[in-house]
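**Student:** Just so you know, the protein sequences line up as chains H and Z, in that order. Going left to right, the first sequence walks through residues 1 to 427 as the working numbering numbers them. Going left to right, the second sequence walks through residues 1 to 254 as the working numbering numbers them.
Don't read these hints as lab results, they were simulated from the structure. Yeah, the Cβ is synthetic: ideal placement off N, Cα and C, and Gly gets one too. You may find that some hints are simply not true.
[As the list claims (entries may be wrong)] Straight-line alpha carbon distances no greater than 20 Å define the calculated DMTMM-like cross-link-like pairs of lysine to aspartate or glutamate that follow:
(1) Z/K50 / H/E406
(2) Z/K8 / Z/D68
(3) Z/K50 / H/E314
(4) Z/K181 / H/E53
(5) H/K292 / H/E406
(6) Z/K181 / H/D146
(7) H/K283 / H/E314
(8) Z/K50 / H/E218
(9) H/K94 / H/E6
(10) Z/K249 / Z/E226
(11) Z/K183 / H/D116
(12) Z/K50 / H/D217
(13) Z/K183 / H/E237
(14) Z/K157 / Z/E174
(15) H/K142 / Z/E232
(16) Z/K181 / H/E314
(17) H/K171 / Z/E52
(18) Z/K183 / H/E332
(19) Z/K173 / H/E53
(20) H/K142 / Z/E174
(21) Z/K183 / H/E321
[Said to hold, decoys possible] Stretches of chain Z that chain H covers, calculated by requiring three or more beta carbons in the stretch to come under 8 Å of a beta carbon on chain H:
(22) 69-81
(23) 99-106
(24) 125-134
(25) 147-160
(26) 166-178
(27) 196-202
[As the list claims (entries may be wrong)] For the chain Z half of the interface with chain H, some residues (derived, Cβ under 10 Å), not all of them:
(28) D26
(29) P32
(30) L34
(31) F43
(32) E206
(33) F211
(34) M220
(35) L224
(36) E226
(37) A227
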Amino acid sequence: MSKRIEVHHVTRVEGHGNIVVEVENGELKTCRFEVVETPRFFEAMLLGRPYHEASHITSRICGICATGHATASLRASEKALGVELSEQSWLLRKLTFHGEILDSHVLHVYMLVAPDFLGVGSVIPLVNSHPDVVLRALRMKKLAGDLCAMVTGRHTHPIAMTVGGFTHFPKMSELEAMRQRLIDSRKDVEATVELFSKLPWPEFERDTEYVSLSKPDEYAFIDGDILTSDGVRVPPERYKEVTNEFMVSHSTAKFTRNKRESLMVGALARFNNNYDLLHPKAKEAAAVLGMKPKVTNTFLNSAAQVVEIVHSTEDSIRIIEELLNRGVQPEEPAPIKHIPGEGVGVAEVPRGLLIHHYAIGEDGRITAANCIIPTNQNINNLEHDMRAWVPKVMHKPEPQMQLDLEMLVRAYDPCISCSVHVLKVQR
Amino acid sequence: MSANGKPKIAFFDFTSCEGCQLTVVDSLQDHPELLSAVEIVQFREAMSEKGEDYQIAFVEGSCTRQSDEARLKAIRQQASIVIALGTCAHLAGVNALKALHPLEEVRKYVYGDKWEWYETYDARPIEAVIPVDFAIPGCPIDRNEFIAVVKALLLGKKPPIPDYPVCVECRLKENVCMYTKGKVCLGPVTRAGCGAICPTYGSSCEACRGFITNPNQDSMKDVLAEAGLSVEDITAIYTMFTTYQVREKLLQKG
Chain H
1 MSKRIEVHHV
11 TRVEGHGNIV
21 VEVENGELKT
31 CRFEVVETPR
41 FFEAMLLGRP
51 YHEASHITSR
61 ICGICATGHA
71 TASLRASEKA
81 LGVELSEQSW
91 LLRKLTFHGE
101 ILDSHVLHVY
111 MLVAPDFLGV
121 GSVIPLVNSH
131 PDVVLRALRM
141 KKLAGDLCAM
151 VTGRHTHPIA
161 MTVGGFTHFP
171 KMSELEAMRQ
181 RLIDSRKDVE
191 ATVELFSKLP
201 WPEFERDTEY
211 VSLSKPDEYA
221 FIDGDILTSD
231 GVRVPPERYK
241 EVTNEFMVSH
251 STAKFTRNKR
261 ESLMVGALAR
271 FNNNYDLLHP
281 KAKEAAAVLG
291 MKPKVTNTFL
301 NSAAQVVEIV
311 HSTEDSIRII
321 EELLNRGVQP
331 EEPAPIKHIP
341 GEGVGVAEVP
351 RGLLIHHYAI
361 GEDGRITAAN
371 CIIPTNQNIN
381 NLEHDMRAWV
391 PKVMHKPEPQ
401 MQLDLEMLVR
411 AYDPCISCSV
421 HVLKVQR
Chain Z
1 MSANGKPKIA
11 FFDFTSCEGC
21 QLTVVDSLQD
31 HPELLSAVEI
41 VQFREAMSEK
51 GEDYQIAFVE
61 GSCTRQSDEA
71 RLKAIRQQAS
81 IVIALGTCAH
91 LAGVNALKAL
101 HPLEEVRKYV
111 YGDKWEWYET
121 YDARPIEAVI
131 PVDFAIPGCP
141 IDRNEFIAVV
151 KALLLGKKPP
161 IPDYPVCVEC
171 RLKENVCMYT
181 KGKVCLGPVT
191 RAGCGAICPT
201 YGSSCEACRG
211 FITNPNQDSM
221 KDVLAEAGLS
231 VEDITAIYTM
241 FTTYQVREKL
251 LQKG
């Protein structure tokens, strides 16, 4: 049995990636996920720029996780310059971050993943066959976008976040209306859990080292230690000890690994590491989805995103109620305490751990920059998953085998535009 | 045209964040009627189907390597109308920032001793490679403007892209001028059409939509100098999205 499957480029993912799998006489010969996106050089582009521009420049790394990049960028500058955010700024940062988690997860699970299970090539045919599902997805996505827009002007690319705080503040009436819309969306969220609990997820188990942020008192999205399921815990400043990158000659990517041959970041890693801190309703959803840590089926990364949709909806309602109770006051951004400085900003963006590391000179200009992107951390793990997955599907007809491989890639929700600053182009 | 008489539309992306295509998806949420007026034959980010028979091509992203030029030229050959979607395609946008440093240094800074593995050249707008019929400016594009452009194209009209500065829209929004607040802002020389969204959310205009046809740049520089900014500061502000435009202008003068 010999087969060669090449998918140029995988659709319904962000950016350009190819699957190359070769099976010869029933033996797996080649198994690669190639990244053919153009390199982008963002770190070099930051050199010499004033620090206050960095979040607006780096949000342009990614249209889907623009708020996440802006947040990690701001935290890097704020830590470098000793800036302490006010309580109000923290609430607003977390609120708009939830908006992005919701926006990205809804896009991924409904528009990119669900078509595979419903046997269609995109969400468009579902408009006729499953109009209720499509309308629900659009409603949820619009709500998430509107939540971001209320706080920062728009989701892609956020405007009102700046070093030390915000330049615009939502009105109480806007917060009240948003609270009501989020409460009304609970029935859509429940229907989402219900829908995804019935999908026939492929059976596949491969344990790996799950890496995420960790905070003692909340399900961490911004700041925290870096925690791995193999028991490593380091502060963000020591990120290189976990994300240590290495090059391999056969591959298009700089890879990362820690304790094992590969590691995984993203919703499933967060779920596995921080399950206890999920909102109770999110834990209920996990039970409906049949998930309890540690989950080692990579395909369930999408299900973990559904759990996080519940969590982020509920936590957004909580934050808005807190803002309504305490009131929102326009305030100047918190001052910088010292310059020059160096800082590491970390955030759990929809696809996993994101790290921005800057050095800022006396004149306020960036003198060194490094960004570690979730998809980049995951590609090594994806290839190891592919090697374990191919033997299970290689007896199938080629179109089905190709779909099975594409589904595995999509489970990671890869964001290739983001990752290319550290990827080699192979032709 | 397809058999049903609807124009066939395709979306393509080059070096970009794909945020403009996402904005297209978001625009369609509010205007599903457009989906029945056109047939989308290619949109890799959102669908698996892939048709090569299209009349209107929307291209997102800058051209940043020689090997992408052939793909762009093939798109031009097929499409009757090519539209640059967003700042990266229209003006090279933030991608052109790397032109502010020597290219070899940039490549070594990011990729170390493997720098030669990664093909790249100075980022350029797609119009530097192929003729472009229209551009929808903005980083990202404005949803309403995208819808207005598509509707105009369907009616055979020229897309309504303004050629007056952001200040006009900012006044209509009744915003307090950023200069009054002691901040600098590129609104006076930047093309409107965004509804002055950045000043409305408290942040200065960064000229993501590019300059209007006849901006008073010398006067603008005086205003910035009066605001106490050094040449380096002015350059930083002017070059966030418009490095390519600014350099082209200097080259023309020089």
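**Student:** Now look at each hint and say whether the structure bears it out.
**Tutor:** Taking the hints in turn, this is what the structure says about them:
1. Z/K50 / H/E406: With a Cα-Cα distance of about 16 Å, the restraint between Z/K50 and H/E406 holds, given a limit of 20 Å.
2. Z/K8 / Z/D68: This hinted pair is violated, its Cα atoms lying about 23 Å apart.
3. Z/K50 / H/E314: Violated, at about 39 Å.
4. Z/K181 / H/E53: holds, 18 Å
5. H/K292 / H/E406: violated, 26 Å
6. Z/K181 / H/D146: violated, 28 Å
7. H/K283 / H/E314: Measuring from Cα to Cα gives roughly 12 Å; hence the hint holds.
8. Z/K50 / H/E218: violated, 44 Å
9. H/K94 / H/E6: violated, 41 Å
10. Z/K249 / Z/E226: The given pair, whose Cα atoms are some 23 Å apart, is violated under the 20 Å limit.
11. Z/K183 / H/D116: violated, 50 Å
12. Z/K50 / H/D217: violated, 47 Å
13. Z/K183 / H/E237: violated, 33 Å
14. Z/K157 / Z/E174: violated, 31 Å
15. H/K142 / Z/E232: Violated. H/K142 to Z/E232 sits at ~41 Å, over the 20 Å cutoff.
16. Z/K181 / H/E314: Violated, at about 38 Å.
17. H/K171 / Z/E52: violated, 48 Å
18. Z/K183 / H/E332: holds, 13 Å
19. Z/K173 / H/E53: Between Z/K173 and H/E53 the Cα gap is close to 25 Å, so the pair fails against 20 Å, i.e. violated.
20. H/K142 / Z/E174: Judged against 20 Å, a Cα distance of about 27 Å means the pair is violated.
21. Z/K183 / H/E321: Given pair Z/K183, H/E321 is violated - Cα atoms ~33 Å apart, limit 20 Å.
22. 69-81: violated (count 0)
23. 99-106: Held - the segment 99-106 of chain Z has 4 residues with a Cβ nearer than 8 Å to chain H, which meets the minimum of three.
24. 125-134: violated (count 0)
25. 147-160: violated (count 0)
26. 166-178: Coverage by chain H is violated for the segment 166-178 of chain Z (0 residues, Cβ < 8 Å).
27. 196-202: Answer holds; 5 residues pass the 8 Å Cβ test.
28. D26: It holds, given that the least Cβ distance between Z/D26 and chain H is near 6 Å, below 10 Å.
29. P32: Nearest chain H Cβ about 8 Å off; hint holds.
30. L34: violated, 12 Å
31. F43: holds, 8 Å
32. E206: Hint on Z/E206: holds, closest Cβ of chain H at ~7 Å, below 10 Å.
33. F211: violated, 18 Å
34. M220: violated, 18 Å
35. L224: violated, 14 Å
36. E226: violated, 19 Å
37. A227: Result: violated, 14 Å to nearest chain H Cβ.
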